[in-house]
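Visitor: The primary structure of each chain is shown beneath.
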Amino acid sequence: MAITKETVEYVTHLARIELEPKELEKLSRQLQGIVEFIDKLSGLNIKDVLPMSHALPINNVLRDDLPRESLPVQKALLNAPAKEGSFFVVPKIIE
Amino acid sequence: MELNTLTAHELIDLLKTKEVACDRIAASLETRIKGIDSKVKAYVRLDKQKEFKNSGAPKPGSSSLEGIPVSIKDNICTDGLYTECCSKILTGFKPPYDATVIRKLKDAGASILESKTNMDEFAFGSSTENSYFGPTHNPWNLDCVPGGSSGGSAAAVAADEAILALGSDTGGSIRQPASFCSVVGLKPTYGRVSRYGLIAFASSLDQIGPITKDVTDSALLMNVISGYDPFDSTSVNTPVPDYTKSLGKDIKGIRVGIPKEYFIEGLDKEVKNILEEAIQELKKQGVQSEEISLPHTEYAVPVYYIIATAEASSNLARFDGVQYGFRANESTRANLIEMYKKTREGGFGEEAKRRIILGTFALSHGYYDAYYLRALKVRTLIQEDFDKVFKDFDCIITPTSPTPAFKIGERMEDPLKMYLSDIYTISSNLAGIPAISVPCGFTKAGLPVGLQILAKPFNEEILFKVAHAYEQRTAWHKMKPKI
Chain F
1 MAITKETVEY VTHLARIELE PKELEKLSRQ LQGIVEFIDK LSGLNIKDVL PMSHALPINN
61 VLRDDLPRES LPVQKALLNA PAKEGSFFVV PKIIE
Chain L
1 MELNTLTAHE LIDLLKTKEV ACDRIAASLE TRIKGIDSKV KAYVRLDKQK EFKNSGAPKP
61 GSSSLEGIPV SIKDNICTDG LYTECCSKIL TGFKPPYDAT VIRKLKDAGA SILESKTNMD
121 EFAFGSSTEN SYFGPTHNPW NLDCVPGGSS GGSAAAVAAD EAILALGSDT GGSIRQPASF
181 CSVVGLKPTY GRVSRYGLIA FASSLDQIGP ITKDVTDSAL LMNVISGYDP FDSTSVNTPV
241 PDYTKSLGKD IKGIRVGIPK EYFIEGLDKE VKNILEEAIQ ELKKQGVQSE EISLPHTEYA
301 VPVYYIIATA EASSNLARFD GVQYGFRANE STRANLIEMY KKTREGGFGE EAKRRIILGT
361 FALSHGYYDA YYLRALKVRT LIQEDFDKVF KDFDCIITPT SPTPAFKIGE RMEDPLKMYL
421 SDIYTISSNL AGIPAISVPC GFTKAGLPVG LQILAKPFNE EILFKVAHAY EQRTAWHKMK
481 PKI
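Residue numbers (my numbering), protein chains in the order written: chain F, 1 to 95; chain L, 1 to 483.
Hints were generated in silico from the structure; no laboratory data involved.
Keep in mind that the hints are not guaranteed to be accurate.
25 Å max Cα-Cα, derived BS3-like pairs, lysine-lysine [to be verified]:
#	chain 1	residue 1	chain 2	residue 2
1	F	K22	L	K342
2	F	K5	L	K252
3	L	K252	L	K283
4	F	K26	L	K377
5	L	K88	F	K22
6	L	K260	L	K342
7	F	K83	L	K88
8	F	K40	L	K252
9	L	K417	F	K22
Please put together the full structure from these sequences, using the hints given.
Guide: Now the structure itself:
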């Protein structure tokens, strides 16, 4: 299928990545090539095949709900680009 | 004697007889790193961290690596030590905890090198050129790439700048650089080694594994890092055998499949000849080899680049300038969405952006069924190919990579060509099976070639058995690069 610049613009918005127009154009071109390559899969008959999300025959792994020590707040904040007291600081989100 | 050139098992023997002390091993590594790493660039942040973090005596009951230094890839969390995935977006990140594998190494008495090994940003790549810190150079030819994404670990081991190293493998990132650098690299069965503390690329494919100078060291390191971990819900609770017991065994009668789909167009002639000689050597030791078919091989790369990028786009959503790492400067007064966008624009490298956007595309409304869901179904077919073969065969042998190491810069402008360098390694990640790469020769230009062995899930023992038997009859693993 054809990858238009609009598709790439839409997807970059979903991915929360800003791109310079020049970068966007280059990426659209490269994605077109990659998508043509992965379109190879469309020729396969997969009607009765079940999807495989991972390699192990395990699911719904549960553990006992026991309280245990967690990361102290100050340690969790050590790497924050902006913090105040016991909080991460982000731009205002509610007017 | 240069201690840094020895293997871990040789050093363990010397330590036992008290012929050397731990600090002399560390000192000899340090001298080597100071001497040549400006050329190889296997480590990052050497300016800031040159020390070894000694953990002291091993805990009773754990297999001992007492006094043995281990080098760690930059995407495995080490408490208080830079762990930046070689990405600008994680600059300055020092994890507040140890990955399970690091805790296990410390419990075994190993010491952790403070400088981490170089890698493609977030393990996105096959050449270590996508590192924020610049590329690593192949010790066998400094103009060539070491492979990737664990290129720093493989180059450090090959150049005797490391005794043991850990890498991670999502589509070949341990085995392909091991093959390019003439060292031993193992990707364990999915679920064999805990992923807790491995910064996730594609959660259904990632595994941590050893990169070592020989097969014995690989088994030793696997003894320490394997096993069930309640912190990783995909780790499997099956007993860990003593892998060193698989060494030195007779391989007569072992049934080996050679997949015809791996010996076609695109495979370098020299690599093909070297591999055929290696198979002959194994036949001399009594293995029975036969041509087999893995009919869906040609679909592995497209399936991988849908699934791996889809999972990556989701895993990397956490890098948004809030909890850690880089935040775009000009965004402090902007709104939240703008801050995310500017931070991710400035913080991710080109390949990371490409993969996140491709993965987002494959998961987005309207394309999900055509790409992501379809890829999951074809993944089933790829796993079934292996299941069928392993009914009649003990292992499969292939080249690790279709070509020897390529020149730095050669494939950077052509992502598709770069992706195809993983064509022989990707299937085992998709199927979740273990695979090892061992040195099996050199091209006329002096570049290493690797032999890959694959086996059934949780059957690492057969890999060690065959790889060790081959290693005993050859001297490739003893060759050292001149730097």
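Visitor: Take the hints in turn and mark each one as holding or not.
Guide: Hints and how they fare:
1. F:K22 with L:K342: holds, 16 Å
2. F:K5 with L:K252: Roughly 59 Å separates the two Cα atoms, so the pair is violated.
3. L:K252 with L:K283: holds, 9 Å
4. F:K26 with L:K377: violated, 31 Å
5. L:K88 with F:K22: holds, 21 Å
6. L:K260 with L:K342: The given pair, whose Cα atoms are some 48 Å apart, is violated under the 25 Å limit.
7. F:K83 with L:K88: holds, 20 Å
8. F:K40 with L:K252: violated, 41 Å
9. L:K417 with F:K22: holds, 22 Å
The earlier numbered hints that this structure contradicts are 2, 4, 6, 8.
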